[in-house]
Structures are given as C-alpha cells and as structure tokens.
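Taken in sequence, the protein lines are chains U and X.
If you read the first sequence in the numbering used here, its first letter stands for residue 1, the second for the next number, and so on.
If you read the second sequence in the numbering used here, its first letter stands for residue 1, the second for the next number, and so on.
Just so you know, these hints were derived from the structure itself, not from any lab.
Since we're looking at a predicted model, the values are computed, not measured.
Treat each hint with caution, since some may be false.
Calculated lysine-lysine pairs in the PhoX-like style (CA-CA distance at most 20 angstroms, straight line) [unchecked claim]:
1) U:K139 x X:K59
2) X:K281 x U:K339
3) X:K55 x X:K271
4) X:K86 x U:K458
5) X:K281 x X:K62
6) X:K87 x X:K32
7) U:K564 x U:K430
8) X:K284 x X:K108
9) X:K108 x X:K141
10) X:K174 x X:K141
11) X:K284 x X:K271
12) X:K284 x U:K339
13) X:K256 x X:K86
14) U:K339 x X:K55
15) U:K139 x X:K186
16) U:K624 x U:K564
17) X:K256 x X:K55
18) U:K225 x U:K564
19) X:K186 x X:K175
20) X:K153 x U:K458
21) X:K174 x X:K186
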Amino acid sequence: MNEFILPALVHVFEPLNIFLMIAGLTGGIIIGAMPGLTATMGVALMVPVTFSMDSTNGLVMLGAIYAGSIYGGSNSACLICTPGTPSSVATTFDGWPMCQAGKADKALMTSLLSSAFGGTVGNIFLLFLAVPLAHFAVKFGGPEGFWLCLFGLSTIAVMSSGNMLKGLVSGAIGMLVATIGLDPHAGIPRFTFDYYPLIQGVEVIPAMIGLFSFSQVLYLIGSYKPFIAQYAPEPGSLRWVARQLAGKCKTVLLRSSIIGTLVGMLPGAGGEIAAIIAYNESKRWDKNPDRYGTGIVEGIASSESSNNAVIGGSLIPMLTLGIPGSAVAAVILGALLAKGIQPGFRVFTVTGDLAYTFIMSQFVVNLLMIPIGLLLIKVLVRLLSIRLTFVAIAIVVLSAIGSYAIRNSALDIWVVFLFGLLGYFCNRVKLDCGAMALGIILGPMIDENFGKCVSLSKASDGSVLQVFLNSSIAMTLICLTLLSLATPWLLSRRRKKSSDVTREALASASSAMSDISAGVFSLLLAGAFYTQLGELEGVGRSYPSCILLFIVLLGGYILFNGLKQRRKNAGKTMKSDEEPVAFRRVGVIVFTSAAYIVLVPVLGFYAASALFLFCSAMILNDTKVSALLSACLLTAIMCLAVWLGFSVLLGVPVPGGLLL
Amino acid sequence: MRIRFLTKAVLTAALLLPVAAGQVFAAAYPDKPVNMIIAFTAGGSSDVQARIMQKYWDKHVKQQWVFVYKPGAGGAIGFGEIAMAKKDGYTIGGINIPHLVIQAVTQKAQFTINDFDYICQVVNDPQAVAVRKDSRFKSAKEVFDYAKANPGKLKVGLVGPNSGHHLMYLDVQKKLGFPVTEVFYKGAADQNAALIGGEIDAMFGNLNDVMRSLEEMRVLALAAEKRNDFLPNVPTLREEGFDIVSDIRRAFVAPKGIAPEQLAFLRDVFKKIALDPEYLKDMKTAGQPAEYLDGEALFTYMKSLDADIKAAFAKK
C-alpha cells in the first residue's frame with residue numbers, strides 16, 4: 001500500500017484531475033439539488049464520457065460527481081423541503097424548519113461541512129479497512145437484511161413519538177403501495193388493478209417527489225406567505241456553524257459517519273436508509289430528543305454526514321469483491337468493467353495505482369467541496385427572494401421532468417401528482433409522510449428478504465424461525481429493534497419527570513376529525529388492495545396480506561378513537577389552531593397541474609410546460625407587477641433553463657408530442 | 001419597455017429554437033438520429049455493450065444513436081416500448097433472451113416474439129455453475145450427486161424468478177433430477193454476495209457476472225456448446241456428461257414491419273460492426289462474450305426457444 005500512496009498523490013494533483021474534480025463536483029451538486037435528478041443518474045449520464053478518457057481520470061471524475069450530488073441533494077431539502085436525492089429525505093426534517101426560521105445559510109453550511117466530514121470518514125475506512133470490512137458485508141444475507149430493515153422501520157416509533165399509531169399506519173401504507181408491480185417471488189404482476197404500466201411498480205423517487213415536493217407546492221400556494229422564508233444573510237455564519245460542529249456535534253458527526261459507512265457497505269442498502277438510521281440514533285441518544293425536527297444543527301449534521309459516508313462504504317465491496325454497495329457504485333462498477341478492470345482484492349496491488357489515485361482523489365474532493373459548495377450556496381439562497389407563487393409553479397415543472405427522466409415513463413409523472421395529493425391529505429390529517437416514505441423505501445427489501453428466508457427454510461427442515469434467528473448479526477439486530485421500539489416508552493418516562501405539558505391538552509379539538517379521515521382512508525385503501533389479492537399465491541400473497549391486516553386493525557382503531565373523541569367534544573365550541581388555507585388557490589394549482597400532465601404527451605413537454613407556467617402564473621399572480629409580464633417572464637426563464645439543463649447539457653429525453 | 005422587449009425576445013427564442021432543430025428533411029435513411037431503446041438502467045451491462053457498438057456505428061453511419069432508457073419489470077417495459085414504437089425505422093432497441101420470451105409467456109406482457117424484426121444477435125453469455133473458492137465441490141458432477149443424495153440440503157442461488165437462470169434450473173431438474181432448495185435473488189450482485197458470504201452453496205450465474213468476483217469463486221462448468229475464451233480451463237457441462245446448454249443472449253431488434261430496405265440496411269451495418277476485430281477486442285476487454293448471429297437465424301432460434309419455454313412453464 002505505502003508504495004502506491006505517494007505516486008497516487010502526485011497523480012491526484014495533476015491539473016487535469018483537479019479540473020475534472022472541480023467540474024464533477026459543480027455538476028454533481030447542481031444535479032443533486034434538482035429534484036428528480038439523482039446521484040445515480042448524474043453518474044450514469046457521464047459514464048459514456050469516460051469511455052474516451054484514461055481510466056484513472058474517468059474514475060476520479062465519476063467519484064467527484066457522486067460526492068457532489070449526494071451533498072447537493074441537501075440544498076433543495078433545506079430550501080424547498082424537497083429531497084434532491086433520496087438520500088437527503090432525513091435532511092428535510094431539520095433543514096426545512098431551520099430555513100423557515102430564517103437561517104437558510106446556516107442550514108446549508110451545516111450540511112456542506114457535515115457532508116465533507118462524512119465523506120472523509122467513509123474514505124478513511126475505504127483506505128485502511130477495505131478488506132476485513134468487505135468480508136463482514138457479505139455476511140448480510142436474507143435474515144440479516146430482513147432484521148436490518150425492520151430495525152429501520154422501528155425508527156418510525158421514535159420519529160413520530162407524538163403520534164405513534166398514525167406513524168405506524170403511515171409506514172404500513174407505504175409498504176403496501178411498494179408491493180405494486182412484479183411479485184419478486186413468483187414473477188407475476190401484483191396489485192396492478194388491470195392497468196399494465198403498473199407492472200413496473202411505484203418508483204421510490206417520484207413517490208417521494210410527490211409526498212414531499214408536490215404536496216409542499218400545494219401547502220405553499222395555500223399559505224398566505226409572500227416568500228418561502230425570510231432570509232437576511234449574516235456575516236460569520238460559517239464560523240458559527242464550524243464551531244457548533246466541532247463542539248457539541250462531535251459525537252453526532254462521528255457516530256453518523258460510522259453508521260453511514262457500515263450501511264453503505266451492504267448491497268441493497270444505500271444513503272436513504274443510512275441517513276434515516278443515523279438521524280434516529282442521534283435523536284435517541286440526545287438529552288432532549290424533542291428538539292429534533294424543530295430545526296437544529298445536529299439533525300442536519302447526522303443525516304448529511306452519514307449519507308456522504310455511504311460513498312466510501314459502498315465502494316468497499318465494489319472494489320474488493322465486485323459487489324456494489326449502492327446503485328451509484330453499481331454504475332461505477334459498470335464503467336470499470338468496460339475498461340477491463342477486474343475488481344477483487346488484487347485491485348489494490350495489480351492496479352494499485354488506479355485504486356489509490358481514486359481513493360486519494362476522494363480526500364481532495366471532500367476538501368474542494370467546501371469552497372465550491374459555499375459559492376453555490378450564495379447563488380442558491382437567492383431562490384428565497386423570489387415570490388413564493390412563482391417558485392411553487394416552477395417546482396411543478398421541475399418535478400414533472402425530473403420524475404420522467406428517471407426511467408422515461410409517463411406513469412411516474414402521475415405518481416408525483418397522486419402522491420402529492422396523498423401527501424397534502426396526510427399532512428392535514430396528521431398521517432406521517434416521513435414514515436410513509438420509509439415504508440416505500442424499506443418495503444421491497446423486507447418483502448424480498450422475507451421470501452429468501454422462507455425459501456432457505458426448506459434446507460433447515462422447514463423451520464423458518466431457525467433461519468431467522470441463526471446468526472449473531474441477526475440476534476444483535478433483533479435486540480436493537482426491540483430497544484428502538486421501547487424508546488418512545490423510555491422517552492415518555494423521562495419526559496414525565498422533566499416537563500409538565502400534558503399530551504392530552506395537545507390532542508386538540510381538530511384531532512377528532514383528522515382521526516376519522518385518516519381511519520376511513522386507511523380502511524378504504526386496504527379494501528381496494530384486498531379486491532386484488534385474488535390470483536396471488538405463496539409469499540407473494542402472505543406478505544401483503546399481513547400488511548393489509550395491520551392497516552385494517554390500526555386504521556379501525558384510529559377511526560374508533562376519532563369517533564369517541566367527537567362524541568366527547570360534541571357540544572363544545574371548537575377552537576382551531578390551524579393556519580388559514582386559501583383553498584381556492586390550492587384547487588387552481590391542482591387543476592392546472594392535472595391538465596398539464598394530461599397535455600404533456602399530447603402537446604409535448606415544452607409546449608405543455610409553457611402553457612402551464614403561463615396560465616398558472618396569470619391566475620395565481622399575487623404581486624403588484626403586471627400579471628402578463630411576470631407570467632411571460634416566468635415562462636420564458638423556466639423553459640429556457642429546463643431546455644438548457646436537460647436537453648442541451650444532460651441530453652435527457654423529454655416526453656414528445658404534437659408540438660415540441 | 002426595455003424589460004417587455006427582452007421578455008418577448010427571450011420568449012420567441014425559447015419557442016423557435018427547438019422548432020428549427022426539429023425540422024425534417026427527406027433524404028436517404030437514416031437522415032436523423034435513431035432512437036436506441038435500452039430496457040435496463042444506464043450503466044448496466046446492456047448499456048455498456050450498446051455503447052461499445054455505438055462507437056463503431058458512428059464510423060459507418062453519420063446519424064447517431066439517441067439512447068432512451070426504459071427500465072422496469074425486468075426489461076418488459078422497454079421491450080414493449082420497442083414493439084409498440086413507430087415503424088419508421090427510427091426506433092430500434094436491445095433485447096435480452098430468454099427474458100423477453102419468458103415474459104411473453106408468463107407475465108401477460110404486451111408483446112410476443114412475433115412483434116419484432118430481428119437485426120442480429122451480438123452476445124451469447126453462457127450460464128456457469130459456480131461455488132465458493134473454499135467449497136468442497138470440485139466439479140459439477142459432485143454438486144449434482146450431492147443434491148440427489150441429500151434432497152433439499154443443497155442451497156442453490158438463482159436470479160429470478162422467470163429468468164434465464166430459472167429456465168436452466170427447470171431444465172436441470174427435468175433432465176437430472178435436482179431436489180435442492182432454490183433461492184431467488186434480485187440481481188447478480190446480490191447473488192454473488194450470497195455465494196461469497198456462504199448463504200448459498202452453489203449458484204447458476206452468467207459468465208459475465210461471475211467474472212466480476214472470480215477471486216472468490218470457483219467456476220465448475222459452463223452450460224455451453226464449447227469452452228469459452230474467457231475461462232479456457234473450465235469444462236462444459238456436456239464434457240462432464242450432462243446435456244445442459246443454457247445462456248443469456250443480447251440482440252438488437254426493430255418493431256415488426258419497418259421498411260424492408262431499412263431492415264436490410266440495419267442488418268448490414270450491424271454485421272460489419274459485429275465482425276470488426278477492433279470491436280471484438282473492445283468486447284473482450286469489457287468481459288462481454290461476443291457471438292454474432294444474423295437476423296434470420298436468430299428468429300429461428302427464438303421460435304424454438306418459445307416452444308421450449310411454453311413447455312417448461314406450462315404447469316404454472
């Protein structure tokens with residue numbers, strides 16, 4: 001190893017490599033910040049470019065894009081509550097409240113510095129411990145994967161400690177929706193409601209763009225605010241953030257980075273899972289867990305440091321065993337193989353020059369990320385000075401093209417729309433969108449690993465239990481899950497001692513109605529899926545059946561609770577503590593968005609977008625400037641920006657139609 | 001005023017540019033870029049292979065390929081997209097065999113093998129029987145013998161279900177009797193990890209996929225007609241006395257019914273590429289086992305495969 005380090009460092013500092021790193025980082029951050037354009041896509045789009053490069057240069061560039069885009073995702077997570085990549089879902093929990101409190105720059109700087117720290121930690125593991133860790137990673141089989149996912153799910157209990165029942169039912173709904181598509185056990189269509197395109201299933205990213213981003217559009221349009229958040233740049237923010245991170249966030253950062261590295265190593269588990277687990281561990285061990293979710297530095301730091309640590313982790317099994325630890329690592333593996341570079345432990349000896357140059361370049365990338373990120377933050381916070389209405393309308397167009405670009409499927413644009421309505425509804429009836437997203441992400445992995453365990457049980461004389469419990473890793477994970485489930489109870493004990501706010505008082509008058517709606521909705525959804533159970537068999541049937549039963553029981557209980565509440569409240573005058581909502585404006589944007597999605601395949605993407613932008617801006621205009629002028633400006637700028645960004649620079653195909 | 005003028009200018013420009021770019025002029029085929037549908041994600045094995053071909057396509061034809069990725073449902077979404085594309089010769093795509101045939105038979109897919117015009121086959125990736133490096137099995141015969149002597153004890157990993165691996169597994173079961181515990185994995189990466197980690201004892205995997213983790217695995221035999229250049233020391237199953245041949249192939253197709261001269265043009269260019277020694281060298285570097293088969297021969301093969309698959313999955 002030592003004989004490679006110095007020459008590798010010399011290679012890294014070659015001007016071409018430095019240039020590729022800067023370009024890759026900048027491009028990566030922008031791609032990551034765009035909702036819908038994920039790290040995977042960003043790297044995949046650049047793979048053909050590397051074909052004409054030297055393998056080392058190509059790899060250095062791909063690594064820079066990877067790091068940049070994973071960090072970039074946090075920008076939109078903080079500024080518009082939309083995770084730019086799935087990895088930054090957990091960043092919205094604290095980033096968005098912090099931005100709303102007028103501290104956008106601090107939120108963004110926290111995520112930048114944490115990302116750089118996490119990335120460096122992950123890379124240290126890659127440099128020194130790749131071989132032993134790779135052997136550990138492949139020990140994660142069916143049972144271990146199953147328990148890891150359950151552990152991830154159990155964090156719902158921590159996450160929604162105020163309202164656990166609704167959190168659990170939300171998670172289960174997410175898992176149920178994720179079973180749509182090809183049944184992984186029998187390979188036959190499942191819950192497609194006789195609509196063939198549903199066979200491709202509900203893709204995670206459009207679902208999340210809907211749940212978080214489109215629903216946010218509806219909320220923003222309905223609020224009477226002129227801007228997303230007040231923002232006045234303060235000098236010395238960076239120093240303040242750095243001192244916070246180096247001081248009280250030390251442990252959070254280190255723990256989250258290690259979690260990120262470990263989760264990143266496992267095939268199939270990527271940044272989104274790492275960030276959520278890290279976030280909840282930080283919350284669990286905090287002296288005052290209720291602070292989480294109100295916009296604190298620790299929350300952003302744990303999510304962002306862990307998802308960047310995933311990078312180093314995911315490269316460990318990829319380089320040493322040829323088994324990618326994340327979707328992006330899989331793409332990079334493809335690029336390596338195309339160059340004829342065989343992964344394996346020999347990668348560190350036979351092609352040591354390449355491997356170590358790449359690893360060393362990742363250290364430099366994480367350093368360079370700080371100045372480049374700071375520069376881009378200065379540009380991106382300007383977003384907050386644009387009228388909210390226009391930002392919201394523009395997000396609809398970005399969501400549409402971003403979700404379409406993932407797999408060029410018109411279905412995904414509808415997924416965004418429907419999940420947007422679902423998310424808006426959930427927010428109003430206090431169902432938990434975060435828990436639902438977790439269900440959508442983890443559901444398929446639980447499904448698949450559950451099926452594997454059932455298959456494997458044939459070899460141990462049919463005892464499923466034995467398969468589930470037979471490894472020490474599995475037992476450890478089970479203990480962690482139990483601990484996690486007990487957390488809300490422990491928390492409530494601690495809270496009783498210290499605080500005097502009774503939860504009963506918080507369960508205000510409006511909760512009766514929201515409980516009834518949430519309960520009825522869960523039961524209806526379960527009913528709809530029940531009608532489709534017919535042709536299914538085996539594990540492909542029993543798994544969704546379990547979820548259905550769970551939803552029915554919990555949904556029924558929530559409904560019952562709501563009815564009971566209402567009877568108790570009958571006669572009392574209700575005092576609503578909710579913000580006023582401009583329902584007419586929400587109705588308008590829902591209608592124009594639906595019309596837009598219908599028109600995209602008819603007129604073509606650009607024509608439909610221009611029409612949508614213009615009409616929505618005309619109707620919803622709330623500025624003193626002439627409606628016509630501002631509508632024209634918005635239309636022109638957005639169309640030009642999307643055309644330059646997607647069609648010209650990235651070469652992503654857009655849906656075509658009659659006109660454009 | 002100034003702003004209003006600027007607005008107009010920008011708006012006009014934004015509207016006119018794409019119009020100008022999209023103008024169609026009549027000329028010899030192809031006179032505009034050809035859409036290449038890939039039914040898997042960018043950066044995957046199918047994509048990498050097509051990108052290598054593209055390099056050589058550009059030497060023969062002025063118009064380039066526009067890659068369109070339509071992943072989902074194990075390729076079925078993209079294959080359906082090719083079958084239903086406009087028959088103007090400007091949309092072609094890559095298919096994987098036997099995936100396409102199995103999907104048509106078992107998944108209510110929106111296509112059959114008769115919905116395509118076959119350009120040619122470019123890859124034949126044989127299945128391999130692989131075990132862990134420290135496994136006690138030294139030959140395929142030992143694996144099969146052990147399976148028969150200990151019903152249900154041997155854990156065999158497959159990618160699937162309803163995949164090429166699954167098809168080979170059914171074939172082995174029919175011909176040799178193979179009472180094992182089968183475990184399906186989502187993809188080759190998971191399957192390789194499971195074998196190396198010891199969750200399964202043996203696996204059926206593609207040559208291209210087992211090559212990635214060769215340091216950790218022992219390839220016992222190939223389910224091919226003849227030995228492969230990538231692993232010249234590995235015997236075929238036939239040499240070992242088992243009549244099993246199974247592979248995954250990649251081919252290029254157009255929707256059924258494009259103009260005959262367009263099909264002839266495509267077949268001709270693809271043949272030139274597929275036989276180019278430079279191209280073959282690139283394919284070898286990328287670990288892609290190249291094997292050319294012309295369109296007619298490929299269609300004949302598809303028909304016989306279709307019959308086999310209908311028989312194999314009949315009971316399901």
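So, against the hints stated earlier in the document, which numbers end up violated here? 1, 4, 5, 8, 9, 16, 17, 18, 19, 21
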